[in-house]
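From first to last, the protein sequence lines stand for chains A and B.
Quick note on numbering: the first sequence equals residues 6 to 260 in my numbering.
Quick note on numbering: the second sequence equals residues 6 to 260 in my numbering.
In short, the hints are calculated from the structure, not lab data.
Treat each hint with caution, since some may be false.
Identical chains share a label here; the pair holds if one copy fits it or two copies do between them.
[What the hints assert, rightly or not] Subject to a maximum C-alpha distance of 25 Å in a straight line, what follows is the list of computed SDA-like cross-link-like pairs (lysine to any residue): (1) Lys39 x Val173; (2) Lys31 x Gln218; (3) Lys59 x Gly44; (4) Lys139 x Tyr208.
Letter by letter, the chains look like this.
2 protein chains.
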Amino acid sequence: MTKEKIYTAALIIIGDEILSGRTQDKNTAYIAEKLNMQGVRLKEVRVISDDKQKIIDTVSELRDTDNGGHDYVFTTGGIGPTHDDITTESIAEAFGMELELSATAYAALLSYYKDESEITESRKKMAMIPKGAKLVDNPVSGAPGINIENVYIFAGVPRIMQSMFDAVAPTLQGGKPMVAKSVTADLAESHVADGLAEIQLRYPDIAIGSYPQYKNGRFGTCLVLRGIDEAAMNASTQEVVDLVKSLGEENPVIA
Amino acid sequence: MTKEKIYTAALIIIGDEILSGRTQDKNTAYIAEKLNMQGVRLKEVRVISDDKQKIIDTVSELRDTDNGGHDYVFTTGGIGPTHDDITTESIAEAFGMELELSATAYAALLSYYKDESEITESRKKMAMIPKGAKLVDNPVSGAPGINIENVYIFAGVPRIMQSMFDAVAPTLQGGKPMVAKSVTADLAESHVADGLAEIQLRYPDIAIGSYPQYKNGRFGTCLVLRGIDEAAMNASTQEVVDLVKSLGEENPVIA
């Protein structure tokens, strides 16, 4: 049996607002979950500042599938009308592409702003698209996302990013989605560690993660199993349930 | 006047739970804000999976100050007792260091677990420390963090990570902290873009960011100014306030 190709993706979050701690990123979880439904695994996230060379280097590295890069690279942030929005021009440079006014993008802006006199130079910038790139529809605020080869340039505002992601999701090629199950027990993770390691050895194709939780002054543990094969998932989950029961957890939460 | 050195840091979040979208990272904001108070800027965050070679490569790259790396590198996650906790052994390998049982770390575990019979092989793993590394006190759960040169290895659980971070924060050398001010207006960011770009040109040492917000079906904008020089901060903030007022915002929120 040939091993199935595993499709992977990276996410680049561009912007000083996350790095300064002001804003909490909300895009990673959305993209991770939706990608998984397409059978694509999010393997790496990078948060970088609005720095042209940094954007160029990061996109070039992560999209290079021949050298440890990923099948898909998504960026969020920095495609708006203000001076600190430099994502599009930076990625165009990474691809050696010129920016040009896109008639389609301009029409979308016009449809949103209603009147040509409202399309200021700053707003027009959002219709300057790398020559030959594909546009990603933005039903929320007019300015489109951009797709160049395996790179997808999205807005940073979660509501807009989500609509852009949903527009391209069906076009992404992926493998089988990972299934996840979790077993949560009121036991310290050091208590389950030995038994868990043995289960992991018996199921090499299931990734078993152990995540300590601290609630109400006590440590508990969430054990997460991820895999593609349903039979192996069911069997390994049952073994984890048996393990925590044998250690004294009477009512593990299975989800 | 000599330009002051700017101290920078990178954060590496290690673990599949963030990449799968299950868990929302809460450590970035804490570290970013606390670092800024020490005069250190968080310049990059990477979220990577529990993969030995990936951990080695990422730590080695980001800590290399001669090649675009940072003065400080912090890692969170993967230092617990279970089979998927491979951060310590991976970073030891990145430094070419052997692991050895640390008497101090073992004593801390013993003090936490009370009885030697409770120190299972899995728990003992948390006292296996790279030879010559410094320990970072963990008053919450016994197992220490680790410091090797400019790399700090912390737990992933926010409460534990925070206590470890707070223990080392006073020892970090930094410059002047950045001061941030924000001006929030009920205006689309494309509306303020032209005027804002002019203000940015007049204050090259103040970083002005524009962050669109979407609330109650309307777009607003949060304009954030960051800098070290108080006079320039005050003057540029006033100009931004004047700008949004000239565009029709009667009551900008200044914070």
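Checklist entry - Honestly, which of those hints from before does the structure not fit? => result 4
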